[in-house]
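A.B. asks: From first to last, the protein sequence lines stand for chains F and V. Under this note's numbering, the residues of the first sequence are numbered 857 to 1280, in order. Under this note's numbering, the residues of the second sequence are numbered 857 to 1280, in order.
Hints listed in this document are in silico derivations from the structure and should not be mistaken for laboratory results. Take these hints with a grain of salt, some might be off.
Said to hold, decoys possible - Computed Cβ-Cβ distance ranges for the label pairs, DEER-style: (1) N1018(V) x A863(F): 29 to 35 Å; (2) G1162(V) x E1195(F): 57 to 63 Å; (3) A1104(V) x E957(F): 45 to 51 Å; (4) E979(F) x H883(V): 40 to 46 Å.
To be verified - No more than 30 Å apart at the CA atoms, straight line, and that leaves these computed lysine-lysine pairs for DSS-like: (5) K885(V) x K916(F); (6) K858(F) x K1066(V); (7) K931(V) x K1227(F); (8) K1066(V) x K858(V); (9) K1227(V) x K931(F); (10) K916(F) x K858(V); (11) K858(F) x K1218(V); (12) K878(V) x K878(F); (13) K906(F) x K931(V); (14) K1062(V) x K916(F); (15) K1269(V) x K1280(V); (16) K1028(F) x K1227(V); (17) K952(V) x K858(F); (18) K916(V) x K906(F); (19) K1027(F) x K858(V).
Said to hold, decoys possible - Far from chain V, some chain F residues (derived; all Cβ distances over 12 Å): (20) R866; (21) R905; (22) L922; (23) A1004; (24) K1027; (25) S1165; (26) Q1277; (27) F1278.
In this text, a Cβ means the ideal position worked out from N, Cα and C, and glycines have one as well.
Protein chains: 2
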Amino acid sequence: MKNALSALGRRTTPPPISWMMKTALSHPKLISLAAGFTDNATLPVEISRKLLNEILRDGKIGQPALQYGVTAGEKNLRELTAQHLQKLDGAPASNKNYSAERVVISGGSQQLLYITLEALCDEGDIILVEDPTYFVFLSILQSRGIQARGVKLERDGINLENLEKVLTRLKKSGELRRVKALYLVSYFQNPTGATTSRAKKLAALKLLKKFESAAGHPLYLLEDAAYRELSFGRSTDVPTALTLPGAAQRVIYTGTYSKPYGPGARVGFGILPEPLLTTVLRIKGNHDFGTANLLQQLLARAIATGFYSQHVAKIQKRYDQKARVMKAALAEYFPASVEIWESGGGLYFWARLPRGLSAGVKSKVFKAALKNDVLYVPGELCYGEDPSRRKPDNEMRLSFGSASEENIREGIKRLGKVLQQFLK
Amino acid sequence: MKNALSALGRRTTPPPISWMMKTALSHPKLISLAAGFTDNATLPVEISRKLLNEILRDGKIGQPALQYGVTAGEKNLRELTAQHLQKLDGAPASNKNYSAERVVISGGSQQLLYITLEALCDEGDIILVEDPTYFVFLSILQSRGIQARGVKLERDGINLENLEKVLTRLKKSGELRRVKALYLVSYFQNPTGATTSRAKKLAALKLLKKFESAAGHPLYLLEDAAYRELSFGRSTDVPTALTLPGAAQRVIYTGTYSKPYGPGARVGFGILPEPLLTTVLRIKGNHDFGTANLLQQLLARAIATGFYSQHVAKIQKRYDQKARVMKAALAEYFPASVEIWESGGGLYFWARLPRGLSAGVKSKVFKAALKNDVLYVPGELCYGEDPSRRKPDNEMRLSFGSASEENIREGIKRLGKVLQQFLK
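The shape of chain F in the complex, shown without the other chains:
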């Protein structure tokens, strides 16, 4: 007798994260530079306690915080979110792209990415992704039978010539009608730390528009800004694609309060064009009728009282400091032949070994690192299944998010020693 699983069920592979977590558990002395967790010490435990006390003491919002709400999310949080984004983008208040009616509150931005793909893609459809990109997004594609096509990534975003080449090739092969969107992790990208310039967002949106008539339907720019607020504050913030001409019709924007505030109070958000907005809300209704109100009220109050922005300023300094520690350790311990991508924010450094030296899951480097009790994310996990190119296997994602400063230094030291052996 066969099992009763659906094609989706049979297709869905274990997440890479699960074997990494198991590995961590079986190596009790392991220093993990792999986890995308945020810094434990700076989690707003005391602020949250204070805010929740206020909420649950408040005769007006205490009960509603424990009751069902509407699928799109609490009105006050949607309004605050629209204003927050408008402010970050320096857009005029008259810009209707930042309207509470266009905002969806979700269980982290992850849930919104998932539902957006449900609304957009059939099995066999194509999403263009950065090469490399966020690996859990690739897991969703794989699970849902959606094809990934990679576009080369540079330090300021995708390579535009390559994007045009990929689109042209898909047009020639008759596959353009399967393409639905270009997915960009636009700020301090996971895994490389790269930030897409506004010029590249603009050019990418224009290119997509150019190929629309051949596709026969809109080609969306899906901007995932999950790391946006984890800037080190050293550079000016790049505006989002929501500021571009035509954005109201073609830009899907997702963001989150989880990473900057606290993943345990998981609240994300998005701004979507029609007819996607309506469709995503209907599907979200089937998922959960809306994100838990108590968490929404917590974030709304954190934002409204100013605690949220105070907290963000605090963690920006903290991550800046941790990034400096990792940078110094990399300079001290890593062989000079390893190329390092430094970021202006986020949780990651990206390291590229000289060609020919693999850092992949089954590589000698990875095994030697584990033997020396240090774990990283092999870069190859961040490349989609695109038959038109080989996956590079000589890269590593190094996270300074959850490790202590001491462990960052020690972890990079151990990894540096391993690399010195192989690069002698």
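Could you slot chain V onto chain F? The hints should help.
C.D. replies: What follows is chain V alone, placed relative to chain F:
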């Protein structure tokens, strides 16, 4: 140019709940006996405040409550949930069906129902449902292109002869290989209030087993026990299907803390057989990497401290009282020719008008009720799209969950007057 939506996206219809909410908003004096909301006055606002204070003051769990966790859910909550279910079922501690390793914590049981259907069903597959059943479950089926086949419902659960007839017919038509599960809302059912007896659960599981070789794969019993703890305490609790022989391989059980505790702190759970458990966890990893820890810690502490069971005892009395008010009002104001199903728990009465008098969405009765500022859920919304039978349209779901006692009485009075007019 076409839109870019997926087949799922195009198929997903607006939830019936959305026009009901709009209707409510446009009738400010409306008494809603439609909403499945829980009672506002009894929401555990003060308990939650106390527990959250303890959690966020605790050096050990304060930070983890705001951090990421594991996809399956926090270990302590999974253990407490397994014990809780085992206790409710009166099962021996040695029964491995109630093991923390089999428990998944989810964003309400709704999310778990959704993911279970993703794991089990391809487009065109069939789920057997009670006639009538929970309408948001029907929305998921419709959205995902899954067919519903209705099985007649009696006051103690489905009609077994009808179940066998439906299975036999599907076998003859060659459609049995598309059947994946029988879905039962087994306690104080939404919408009818019916509770499935253990004998019927046992017989249904046996019948499913009998047809498995013809189906070529397992046929699951999907037991949705969302209302289980909203008993009025007048009758003995029926054990779940987890107590049946073979349950470990064939019973999928979903439950929730949302309805008894607080929907705004949405936490549900389930117990699943392999290979579904593994598959559901992988898919949930793609949805959200696990339910928000802060809510999980809140529920875990509520259960561990005994507050949860104290609270459940309190709301059971409260709903019992509200149900008595509705019962008395129904006796006083409804024409004797209307058949009333009374329940031993939950949030609903089920009213069946004499044949020929429609209570459907477009009926004169529904319009007259609205004109008199009272709203109910037309029973026809609770029937799946099963081409093999006509949907009855002479039924109503009447909820006493969120309305005040005064409004319950007044709402039933208004509705009674409307019905008296049509049944003169």
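A.B. asks: Next, verify each hint and record whether it holds.
C.D. replies: Verification of the hints:
1. Evaluation of the 29 to 35 Å hint for N1018(V) and A863(F) yields a pass: the beta carbon distance comes to about 31 Å.
2. Look at G1162(V) against E1195(F): about 58 Å separates their beta carbons, and that is inside 57 to 63 Å.
3. In this structure, A1104(V) and E957(F) meet the distance hint of 45 to 51 Å, their C-beta atoms being roughly 48 Å apart.
4. Distance hint check for E979(F) and H883(V): the Cβ-Cβ separation is about 43 Å, which falls inside the suggested range of 40 to 46 Å.
5. Among the hinted pairs, K885(V) with K916(F) is consistent with the structure: their alpha-carbon atoms are about 20 Å apart, no more than 30 Å.
6. A distance of roughly 16 Å separates the Cα atoms of K858(F) and K1066(V); the hinted pair therefore holds under the 30 Å criterion.
7. Only pairs whose Cα atoms come within 30 Å are accepted, and K931(V) paired with K1227(F) is accepted, the gap being roughly 29 Å.
8. A threshold of 30 Å between alpha carbons decides the hint, and for K1066(V) with K858(V) the separation of about 47 Å lies outside it, so the pair is violated.
9. Pair hint K1227(V) plus K931(F) holds up; C-alpha atoms about 29 Å apart against a cutoff of 30 Å.
10. Distance restraint check for K916(F) and K858(V): the Cα-Cα separation of roughly 46 Å exceeds the 30 Å cut-off, and the hinted pair is therefore not satisfied.
11. Distance restraint check for K858(F) and K1218(V): the Cα-Cα separation of roughly 45 Å exceeds the 30 Å cut-off, and the hinted pair is therefore not satisfied.
12. For the hint linking K878(V) to K878(F), the alpha-carbon distance of about 49 Å lies beyond 30 Å, and the restraint is violated.
13. With a CA separation close to 27 Å, the supplied pair K906(F) and K931(V) stays within the 30 Å bound.
14. For the proposed pair K1062(V) and K916(F), the alpha carbon gap of about 51 Å is over 30 Å, so the pair is violated.
15. Distance check on the hinted pair: K1269(V) and K1280(V) sit about 16 Å apart at the alpha-carbon level, within 30 Å; holds.
16. Distance restraint check for K1028(F) and K1227(V): the Cα-Cα separation of roughly 60 Å exceeds the 30 Å cut-off, and the hinted pair is therefore not satisfied.
17. Between K952(V) and K858(F) the CA atoms are separated by roughly 24 Å; this keeps the pair inside 30 Å, and the hint holds.
18. Of the supplied pair hints, the one linking K916(V) and K906(F) holds, its CA atoms being roughly 18 Å apart against a limit of 30 Å.
19. At roughly 17 Å between alpha-carbon atoms, K1027(F) and K858(V) fall within 30 Å of each other, so this suggested pair holds.
20. Once the 12 Å rule is applied to beta carbons, R866(F) is inconsistent with being away from chain V; the minimum gap is 8 Å.
21. Look at R905(F): its CB is around 4 Å from the nearest CB on chain V, not clear of 12 Å, so calling it non-interface is violated.
22. For L922(F), the condition that its CB be more than 12 Å from all CB atoms of chain V is violated, with the nearest at approximately 3 Å.
23. A cut-off of 12 Å between C-beta atoms confirms that A1004(F) is not in contact with chain V; the least separation is 14 Å.
24. For K1027(F), the shortest C-beta to C-beta distance to chain V comes to about 16 Å, beyond the 12 Å cut-off, and the non-interface label holds.
25. No Cβ of chain V comes within 12 Å of the Cβ of S1165(F); the nearest lies about 18 Å off, and the non-interface call holds.
26. Distance check on Q1277(F): its Cβ is at least 33 Å (rounded) from any Cβ of chain V, clearing the 12 Å threshold; non-interface status holds.
27. With a least beta-carbon separation of about 32 Å from chain V, F1278(F) lies farther than 12 Å from that chain, consistent with its non-interface assignment.
Consistency with the previously given hints fails for numbers 8, 10, 11, 12, 14, 16, 20, 21, 22, ordered from lowest to highest.
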